[in-house]
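Engineer: Reading the sequence shown from the start, the letters are residues 1 to 451 in the working numbering.
Careful, some of the hints might be misleading.
To be verified - Here are the simulated DSBU-like pairs of lysine-lysine, each with C-alpha atoms no more than 35 Å apart in a straight line:
1. K252 - K73
2. K75 - K43
3. K194 - K20
4. K56 - K251
5. K75 - K201
Unchecked claim - Cβ pair distances, simulated, as ranges:
6. D288 - S309: 17 to 23 Å
7. G170 - L401: 34 to 40 Å
8. S309 - K201: 34 to 40 Å
These are computed hints drawn from the structure, not numbers from a lab.
On a predicted model such as this, the values are computed, not experimentally measured, just so you know.
Using N, Cα and C, we set each Cβ at its ideal position, and we do this for glycine too.
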Amino acid sequence: MNKYVSEFLEKVCTEVKYKKIHPELSRELQGHIDELISEYIDKGMSEEEASTKAVKQMGDPFEIGKELNNTHKPKAEWSIIALIIAMISIGGITFFSFYNSNYIYTSLGNYIAYLSLSIILFTACYLFDYTKIEKYSLHIFILTLISFVFLLFSPIFTVRVNGVPFLQIGPFTVSLPTIVIPLLLVSFAGLLNKWATGSIKDMSKLIALALLSILLFTIIPSAANIIILSCSYMVMLSVAIKGKNFKRNSKKSLIYFWGSTLTLILLSAFSFIVFSPYRVLRLLTFFDPYSNPNGAGYQYVVLNKLISSSKLFGSSNNLYIRYNGTNQLALQDLHTELVFTYIVSAFGYIAGSVVLIIFTLTIIRMFLATKKIYSYYGKYLASSIVTVFSVQVITNILMNLGILPIVGISLPFISYGGSNFMTNMILLGLLLNVYRRKDLVGLLFPVQKKL
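Please put together the full structure from these sequences, using the hints given.
Structural biologist: Structural data, given as structure tokens:
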């Protein structure tokens, strides 16, 4: 390399604080300089003269370095971080409301332990270079499925609670299907980046792997996780089909994809419900809970009563019932999937509205952050995380309002439960990681505009 060019690149890089991008910055800038040198040599200049003039034309290396440093450095999305803190705070207030009431068993030790572990995992997912695992995507996906099946049928490593397998890791017990989802999404994003080109063969591979993972979740069965995973795959594939790497007609492909997918979902849902008398009864009860108000329809009747009798501020008169001479909460799931109903009933409509506003703002900010991500791998991963979070929030709120049947989907950061809390912290840590590195992946330098 010419000494003038070498000195120029060194001066530029001294102003760029993020050292990991120095090699890529140098390659990009050297490419521009080499083009200029070639042009000047073609005009009859010697190589030394051409190099000197090319470097001079590039401009002040220190000014260029400062500009590149401002553009290409990790950037935090502080609004999402603030909203995460707000959601965790609301979850903490709600937890201590349960903890101090003694109406439902909750463990302060477990809460602090899972909160601490989740913060550590969030920080790790936020800081590590996620792009380094992209090349191992297929290995991670297959290994995750194999491990999932092995642990699913292993009585040594897992215990079942209400049919759901939980993995024991030291003092922590985590839901196996819940913790598997982040691994599947991270690896599937990498597979999309490699195979989502419009090739029928490659698209068939993607769809086959997606269906295989969903099929394995039906073994449990876990309607909540199946819904979340299916929606995530659908959104990721849709984003890929709309991307520039997809060589077929995007509009026609999307129509075909959504048409066939929705048909498959309707047929699967029909089979899932019709061949189970228990699920048929639950669905019929959802549409007419008052047909069996003291049996299968009890939850829906009480939910409706709690929401309708809530006040602007303060506790609803129907929040507690008298049982065996003591006051008890009207429903025993008010700390988990029905926690939004508890917040509205215990603190009032204003508190419920604040929760809705915070979640709405979070989804909007996550969506806007994803739009600013231009690397395909990062965009696929970010879009899946936004989908997971949004599906949880929207489904849970509609469940609590009696618009959807209760399917066991928790409200992120607020529902009591370590596995769900930990998984959402991992996912949002990854989302903020992708956003943080959006200007470091697929660099487009401002200096290009000057040349």
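Engineer: Tell me if the straight-line CA distance from K252 to K73 falls inside 35 Å.
Structural biologist: Not satisfied, since the Cα-Cα distance of roughly 39 Å exceeds 35 Å.
Engineer: Take the C-alpha atoms of K75 and K201, compute the straight-line distance between them, and say whether it is at most 35 Å.
Structural biologist: violated (38 Å)
Engineer: Against the range 34 to 40 Å, how does the distance between the Cβ atoms of S309 and K201 compare: consistent or not?
Structural biologist: Taking Cβ atoms as reference, S309 and K201 lie about 59 Å apart, which means the hint is violated.
Engineer: For a C-alpha distance cap of 35 Å, please report whether K56 and K251 respect it.
Structural biologist: violated (48 Å)
Engineer: So if I understand the rule, the pair passes when the alpha-carbon distance is 35 Å or less; does K75 with K43 pass?
Structural biologist: violated (43 Å)
Engineer: Measuring from beta carbon to beta carbon, are D288 and S309 in 17 to 23 Å?
Structural biologist: 21 Å Cβ-Cβ, so the 17 to 23 Å window holds.
Engineer: Are K194 and K20 close enough, with their CA atoms no more than 35 Å apart?
Structural biologist: holds (24 Å)
Engineer: Evaluate the given range 34 to 40 Å for the C-beta pair formed by G170 and L401.
Structural biologist: holds (39 Å)
Taken one by one, the earlier hints fail for this structure at numbers 1, 2, 4, 5 and 8, listed in ascending order.
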